[in-house]
Amino acid sequence: MSIRLGVCYYPEHWPEAMWESDAQRMKALGIKQVRIGEFAWSRIEPAPGELQWDWLDRAIEVLAAQGLEVVMCTPTATPPKWLVDRHDDVLAVDANGRKRHFGSRRHYDFSSDSYFEESQRIVRLLAQRYGKHPAVTAWQTDNEYGCHQTVVSYSPSAQRRFRSWLRARYGSIEALNAAWGTVFWSMEYRSFDEIDAPVGTVTEAHPSHRLDYRRFASDEVARYNRMQVEILRAHAPGRLMVHNFMQMFLEFDHYPVAADLDVATWDSYPLGALEEMWFAPEVKARWLRTGHPDFASFNHDLYRGMSAQPFWVMEQQPGPVNWAHWNPHPLPGMVRLWSWEAFAHGAGCVSYFRWRQVPFGQEQMHAGLNRPDNRLDVGGAEAERVALEIDQVEQAAGELAQPRGKVALLFDYSAKWLFEIHHQGADFHYPRFAFEYYSALRALGLDVDIVPVHAPLDGYAMIVVPPLPIVPDDLPARLQASGAQVVLGPRSGSKTVSLQIPGSLPPGPLQQILPVRVWRVESMRPNITEPVALGDCQGQASHWRDLVELEGEGVQAVASFGDGHPAIVRRERVHYLAGIFDEALTQAYLEQVARAAGLAPQRLPQGLRLQRRGGLTFALNYADAPLALPDTDGAAFIVGGPQLEPQGVAIYRTAQK
Amino acid sequence: MSIRLGVCYYPEHWPEAMWESDAQRMKALGIKQVRIGEFAWSRIEPAPGELQWDWLDRAIEVLAAQGLEVVMCTPTATPPKWLVDRHDDVLAVDANGRKRHFGSRRHYDFSSDSYFEESQRIVRLLAQRYGKHPAVTAWQTDNEYGCHQTVVSYSPSAQRRFRSWLRARYGSIEALNAAWGTVFWSMEYRSFDEIDAPVGTVTEAHPSHRLDYRRFASDEVARYNRMQVEILRAHAPGRLMVHNFMQMFLEFDHYPVAADLDVATWDSYPLGALEEMWFAPEVKARWLRTGHPDFASFNHDLYRGMSAQPFWVMEQQPGPVNWAHWNPHPLPGMVRLWSWEAFAHGAGCVSYFRWRQVPFGQEQMHAGLNRPDNRLDVGGAEAERVALEIDQVEQAAGELAQPRGKVALLFDYSAKWLFEIHHQGADFHYPRFAFEYYSALRALGLDVDIVPVHAPLDGYAMIVVPPLPIVPDDLPARLQASGAQVVLGPRSGSKTVSLQIPGSLPPGPLQQILPVRVWRVESMRPNITEPVALGDCQGQASHWRDLVELEGEGVQAVASFGDGHPAIVRRERVHYLAGIFDEALTQAYLEQVARAAGLAPQRLPQGLRLQRRGGLTFALNYADAPLALPDTDGAAFIVGGPQLEPQGVAIYRTAQK
Amino acid sequence: MSIRLGVCYYPEHWPEAMWESDAQRMKALGIKQVRIGEFAWSRIEPAPGELQWDWLDRAIEVLAAQGLEVVMCTPTATPPKWLVDRHDDVLAVDANGRKRHFGSRRHYDFSSDSYFEESQRIVRLLAQRYGKHPAVTAWQTDNEYGCHQTVVSYSPSAQRRFRSWLRARYGSIEALNAAWGTVFWSMEYRSFDEIDAPVGTVTEAHPSHRLDYRRFASDEVARYNRMQVEILRAHAPGRLMVHNFMQMFLEFDHYPVAADLDVATWDSYPLGALEEMWFAPEVKARWLRTGHPDFASFNHDLYRGMSAQPFWVMEQQPGPVNWAHWNPHPLPGMVRLWSWEAFAHGAGCVSYFRWRQVPFGQEQMHAGLNRPDNRLDVGGAEAERVALEIDQVEQAAGELAQPRGKVALLFDYSAKWLFEIHHQGADFHYPRFAFEYYSALRALGLDVDIVPVHAPLDGYAMIVVPPLPIVPDDLPARLQASGAQVVLGPRSGSKTVSLQIPGSLPPGPLQQILPVRVWRVESMRPNITEPVALGDCQGQASHWRDLVELEGEGVQAVASFGDGHPAIVRRERVHYLAGIFDEALTQAYLEQVARAAGLAPQRLPQGLRLQRRGGLTFALNYADAPLALPDTDGAAFIVGGPQLEPQGVAIYRTAQK
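Protein chains in written order, with full-length UniProt numbering: chain A, 1 to 657; chain B, 1 to 657; chain C, 1 to 657.
If a hint is listed, it holds; no wrong ones were tucked in.
Label pairs and their computed distance ranges (CB to CB):
id : chain 1 : residue 1 : chain 2 : residue 2 : range
1  : A       : GLN538    : B       : PRO332    : 20 to 26 Å
2  : B       : ASP373    : C       : GLN540    : 57 to 63 Å
3  : B       : GLU50     : A       : SER560    : 53 to 59 Å
4  : C       : PRO281    : A       : SER560    : 41 to 47 Å
5  : B       : ALA477    : A       : ALA280    : 57 to 63 Å
6  : C       : ASP582    : A       : SER114    : 54 to 60 Å
7  : B       : ALA628    : A       : GLN602    : 53 to 59 Å
8  : C       : ASP582    : A       : GLU50     : 56 to 62 Å
9  : C       : GLY171    : A       : GLN52     : 21 to 27 Å
10 : C       : ALA175    : A       : ARG375    : 26 to 32 Å
11 : A       : GLU645    : C       : ARG404    : 55 to 61 Å
12 : B       : ARG432    : A       : GLU194    : 42 to 48 Å
The calculated lysine-lysine pairs, modelled on DSS-like cross-linking and capped at a C-alpha distance of 25 Å, are:
id : chain 1 : residue 1 : chain 2 : residue 2
13 : A       : LYS27     : A       : LYS132
14 : A       : LYS32     : A       : LYS132
15 : B       : LYS27     : B       : LYS132
16 : B       : LYS32     : B       : LYS132
17 : C       : LYS99     : B       : LYS99
18 : C       : LYS132    : C       : LYS32
19 : B       : LYS99     : A       : LYS99
20 : C       : LYS99     : A       : LYS99
21 : C       : LYS27     : C       : LYS132
Partner residues aside, some chain B positions facing chain A, computed with beta carbon under 10 Å:
id : residue
22 : HIS13
23 : ALA40
24 : ILE44
25 : SER104
26 : HIS148
27 : PRO281
28 : LYS284
29 : ARG289
30 : LEU331
31 : PRO359
32 : PRO372
In case anyone wonders, no lab produced these hints; they're calculated from the structure.
We put the beta carbon where it would ideally sit given N, CA and C, even for glycine.
When you get a sec, could you build the whole thing from the sequences and use the hints?
Set out below in structure tokens:
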């Protein structure tokens, strides 16, 4: 399986006189594929029905002439002003009832009928023109679905389609009333036509109503993408269908969208992510110019799990970005490190965003491989080095098989929505807690697969389930049948599919494999922790704890809270963590379970990460100081050596194995 | 005067097959009364005019058959969707001009004519059907007026009614212009019809205008409640009229509303209150699972002062709740402690919310006496114990007379609005400062009555007046005539009834009994304090200070600020605190005044609170550690003993007295 | 050039019986001029077309009878209710699309045609009546343009006028598309009529679009003011035209507005400013009751630079104000100190706001020279002392020439807008950084002129340029020609006039005098600093740094960041600070440059400030402790002496010079 580099390019931003030189320099740098077109609608169709293909034809030819493959994008993320002005339902409506305006991007409503038709039209026109072009080997639908909080709209169109969606889901209004429990507060409906979007209410809207609205909105994204893919496949036979997803973005369920594609790709901006996400200020300072050592890899492992073919990084941060509250510059070496990290985790392509920093518009402070003065930037030089190293690795090791971990982490998009809607504690943030389990496993040197709840579980020695409120009926049996050690996070099984409390209390269906009852829960404000004793290890719980009754035979409390309630319970291979624990305690317990699972966890030095792919080990040093790699006696190094400089990369075949 | 337990029950939430067992178990637990119906409109009238009484008839019979008394509620807090859809003026309008939506509760405008009529209709229908039912011994109007910021609406209806209200108050537009002082910034009106709600202005709206809008909105609540009470009294002779008010909720003036009722009841959630109110993070941590030792009792003493008959706790927190940002679980024993605390302060009934935790809807994480799996919860077991102890106490002491303190604290709802509208210092929070005076008195072991400014003041040895900006004309003379020591908080008498500065400067009318002038004021940002010297006691002022000139004979400065300005001034029995002082200084001065008043203040150990009722002393331990009760030599204990465990309760008759 | 005191007076707020006594007491206090009328529209024209001049005629006569000069104001800041109700376009529209409401002040849209006409009408009527009145010697247009965020409106009128403004600026839509770079994200326009206000977009709107909207809004203010001035000049020959600007208020460009006036005046509230502006809590505490020692003077030096005649302080804080979040009272002596500070920096008049504290309306807690009970307040007594001292100074020194610094600080309003729109780091706050350079210079005892980028630069020994993103084409040559030492802040020259990155990278045109390239930038979150080594001086950069390549001959790195990048670069007399440095480092480098410029910087004791005017030195002590004045041997003291008490003022002629 070949690995390669790509780049994102906007010929429409530059004088045509520069195109040829750009293409030549791309080729010389080692670039193999070029993504174009995703924001070019106003140039392709400057006025209604007035198509201008010439410039785009020429741009493709210039690239093709250098042997570069083209990833063509549909331009639907940025409909032009004239289109928006012609239809009154294109713009989405926010939670305050205000129409969003034209003037940036993603200014469309997934539920707009007129925009659905306009999208069909432009996608068909593009597909007809370039679908069979030999240089166009892949198609990207739209761009970053959902970016800037655009999944959910409260427009009349969305509300109308929501009612239909509910009708299809519940069949009768009586069934809906029963499933939601609308008798509470006299919220009963007499018909689907009475149901509005759950917004603008005096106090919180009904949680089951809210959860269904999020499910509906997620389905709308999948419907819209499927429309594009179907048109493209009809006109572009044999080409790869891709979309560029975002990092740790959970506003719609990515699995059904990815199922319609060939390749899941994602856009990797480790520094922007660190600044904008949940990390504490001291963590942001610690990894300021490298990103968190487990953040990019979390996404690699996630998208690997939803892609039929090797996933791609469609946009790789090449230097400072413009969109975070603060935008540090990456340490020298990080662009190379991030690139190799992606390949280590299974990427088929790493494509840099963008070829050259553009001097105008919203993103003018976003770095490219080249500076606005057209000199090669630091990131460009590092990309060039990666291209050379790819050759070395492929010569030494051939094509690399996909990585496969012995540990699976079950990930669920709707868990995020549910805990957001119905949090019971204001800082219960699903992505954070899922990430913390992942990070603990990675710091133990383990390779991890991130998989959906419906994935096959065979072959895993250990399965970690971050808080999973709605447990599919068949999951307990499948967990049992896997033979793996299973670690369940708090609040697992705490809700039915309709967002009700299970009749036998949480963990609901999981009681089949772990006979306990969570009879009470407690959320904890930020200045509160509760001590936890796990043998000699003293830790702390924060955010949340479940108070658990042990009911069946063989269940035991492995650790206890300060007030005596069980903190970890276990029966045979099934473990339940009854709270959110600190990093050290989480790691200690996962290490213990990993050993029980027959794995060989090892506590890596801070900043070191290891990943295996195709018989090779990839070692990455996120730390400030040089590191000695463990267990490298007799290793055969292809890149680097047993001493790893800061921001260094080593690739080697270990002696034993 | 008998004391008893009750519970809130929602037969419409449960299969009818469970009702009888529920009623039997209630009786067995010691429950005497059951509140029902306050959110059941959609079941009583599922479609316009289609009344379904059968289920409710049967539910009442099932309860009556066990000898349980029924508190029937009007269901007006949750009009059904069809009703909202039939009238375009039911939903209130927020400060941004947006109509609030259906989908939670309290989605109605107190000024809506159509909702007023719909309310009359449903209340009349209910009253006609159950008004004379022997088991229905009390009626609750609506539910928690004002919850979720629903007192004030900016709808066209509200604005229209506001104009009429102004016309009635001022008679002529000239009188209004003069009273408000609209010549300032050319805000003069030519007619009442020109006056809008004071909202959406470029900078702050006129404070007199804003204050009148709050008074108007408060009056609208009273008008609405009075409408319900009048209908109910006409059809339900001899039944008690009640409403369940909220904790420390000052958005409308409760005194006129309570004056139309027989029993003021309130809903007590000590843990939710601690989390959501003004307390500092370290205070929230200190009392995390007990609530603040003076919070529930503040409300008990407040509602006791507005109730013709003994007040009730209509909803008592039975375990964790769902609605605070974080929701800890109460320590074992607290449900019992809170129950006895209510009785100690004069409650006639403590009614738990709710019988059983409901597994669906917004409040599914709100505990009940029973768990969703129908097992008795911890709170249920504690309620059962309280029921048994009630019998012991009543056997030993007979019916308990109402408590009566020697200390009065004057409380005023409109003071909160005024300081919010016209704060002059962003953290001048009336409820907090009133509470801090109360808490200091309680920590000195004193029983306190909280009374309105128009209450008779005879019989009090000490009267404490938290910042009272508008002083009724007759109050100074009444304070003087009471013979009590009077302690006035800062900003007292600082405004006329029209929100102007008194011509002779503050404290305005209070100059009759204390001849001083507040010639300047100073608000202080959170990181600023000013030292205060009171004899040997060194303290700090924060938030606010008044700079005071002494004018008349016999006035003296008892304490001074660091820069020499008087901090406490006094003439004879009248004391003025010219700032907000820290806890220790406040307590030290109140102790000194209490001694001057002939009382016997004592500094209680942290967490211990005492209250006397009917010749008994009730001792409550909010602390983590056991306590030895003071002055219990020779005491006769009915419950507990002289050593009080954490969260313990003791009830005894002291030897002396 | 004579200096004098004035006061702001509102005869319409007080019984006519008080007017004469007020005028007599003003005269006795030493007041020479009285400002009236700026909020009196509802009294001048209580109903449409019904003019009532009598009261105003009499008020002017009463003042004139005491020899007081009158500054008459146009009342356009507060149109009456009837006027607002007659036109549907007077009220501005906010960023959420909501019309702002009547009920406070400044409730008008600069782009409203009907309000423009109504303003013309009332200004003409006033000018016709009082234009030639001998006592009316000056006219103030409106009041505090832009206060309460009223510069920018998103109304249909504003959007329509914006399109015309763009048409005039760009000529063709193609030119606009090219200048902005609308090809980015398909934002291209086909005509000016397609362009909306840059608001309500899904993510940030195009920065060039936003910057032009700010420029347009700024021009609208100038257009509106010019309309008033033209009418007034036509009817009031020889009178001074003035407007009262605000402190550190950058929402419109003041230079073109001031160019239409004779005197720039400003409203000085040092305590309110300290509380509301960017200062850290500990700085707010340090200068709580004095204001920051450089804040009022910054504004003095700023407005001196835009005024044809000596600027005035039109409103001087006389005691506590009402509008900050917290409102401390000034230390005794500060009203006097602030008054003398104004004169020291070149003021022609210091006018106190207001004569007497008004007991009603929004500002009832704003102090005046007199208290609401009509006793003289502390500020009044200090004003009286200043009036006497003015006589002493003028007797000793005659009329005082304007101050002239040897150091110029280049100030630019649009820099603030640009960095706000396109910040790249969330806390890059232009006014703060400009102020910090100014403050460092002042703490070195240097007199500073604040001047616009187009000002003549001859005669300055040192020119300091805070971050100036758009550098006029001729500025580099003018800086060079001045012969001064030039210190450039980071981000200077970073954008073209259309908000694009210069083709040769920043500092763009400044490369003519300093051949470097800023090839990368980095913004730093609040918990991040980067060490800087300047010889022996170790400092820190925060917020921002530029990474600089040295390109031409003679450029050298004078200081370096911890990672080796240059922190300060220099060629000959041109210095570039490649980051935001801490106070000590900034001061150290500016001191070094000042010495190179031949100046004599001296590090003043904390709180001491010196300013020279008309051959005199004015010394002001902002500190808590007495100070010994440096270099006063042989000095001739007119006010005070060489020992300066806290909050003290000394005025003297130095021996040497």
